[in-house]
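Enquirer: So the chains spell out like this:
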Amino acid sequence: MNKSIAIINSKAPLNGAHAKESLDLALILGSFEQAPSLFFIGDGVWQLTEQNIAMTGAKDFLKTMQALSFYDIENIYVCEHSLYQRNLPNNFALDDVTVLNRTALQNQLAKFTSVLKF
Amino acid sequence: MLHLIRQSPYQQDISSELSTLISNDDDVLLIDDGVYFCQSLHFAIIQEKAKNILIVDEHLQARGITFEKADSLLPFAQIAEILVQSEKTLTWQL
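Chains W and V, in that order, give the protein sequences. Using UniProt numbering, you'd call the opening residue of the first sequence number 1 and step up by one each time. Using UniProt numbering, you'd call the opening residue of the second sequence number 1 and step up by one each time.
A portion of the hints provided could be inaccurate.
[As the list claims (entries may be wrong)] Some chain V residues close to chain W (C-beta under 10 Å, calculated; not the full set):
1. I14
2. S23
3. W92
[As the list claims (entries may be wrong)] Restricting the straight-line Cα-Cα distance to at most 25 Å, the calculated cross-link-like pairs of lysine-lysine (DSS-like) are:
4. K20(W) - K3(W)
5. K111(W) - K51(V)
6. K20(W) - K59(W)
7. K69(V) - K49(V)
8. K51(V) - K88(V)
9. K111(W) - K88(V)
10. K49(V) - K88(V)
11. K111(W) - K63(W)
12. K111(W) - K49(V)
13. K69(V) - K3(W)
14. K3(W) - K111(W)
15. K69(V) - K51(V)
[Unchecked claim] Label-pair ranges, simulated between beta-carbon atoms:
16. N107(W) - T89(V): 15 to 25 Å
17. Y84(W) - N52(V): 23 to 33 Å
18. N2(W) - E68(V): 36 to 46 Å
19. E21(W) - N52(V): 26 to 36 Å
20. E21(W) - S40(V): 26 to 36 Å
By construction, these hints were calculated from the structure, which means they are not laboratory data. Because the structure is a prediction, the values reported are computed rather than measured. C-beta atoms are modelled at their ideal positions from N, C-alpha and C, and glycine is treated no differently.
Given only the sequences and the hints, what does the whole structure look like? Please build it.
Expert: This is how it looks when you write it as structure tokens:
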């Protein structure tokens, strides 16, 4: 049974190192032919909007997200409810992001053999 | 999927995320500070969503909490067995 990995991002970009560590892991997995699928829920949806975190002196690791497809990481899912809660429109810094309602997100997540949450 | 909840419901509100990620054929195991859920309003979300709920007995006692449904109490020694049985787990921690 081949492994498939889902990474759930639930923290805002500047909330500690969670978002950066999660992205680092995704890129590492991608470089080992284990490209994960990424799920953004809760505050994690804030990672996908156009922004400039470098203004706070932080390293702008969100820019690295543009390299995701280079690492074969192409399945990116966002929780519709979380966007609604935060009054966020459906446009993102990344292209081909799939917005899913709760049930669809659960069904999609169930397809993976391992699930990590940041 | 087995949800391993190790964080308190009071320190951070994950109720919305719980409703998003717990589907009704999932189970939940409350361990460490996760046991506080059984004395919180958010426990209703877990009860409504999850199929089976287990709570580590020693962790409850250590925190001075009693839980009425005895068959939900899991002895610490059996945690490993439950984990081995479940084919997939998702850990919730701060």
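Enquirer: Just pull the numbers of the violated hints for me, sorted ascending.
Expert: Violated: hints 11 and 13.
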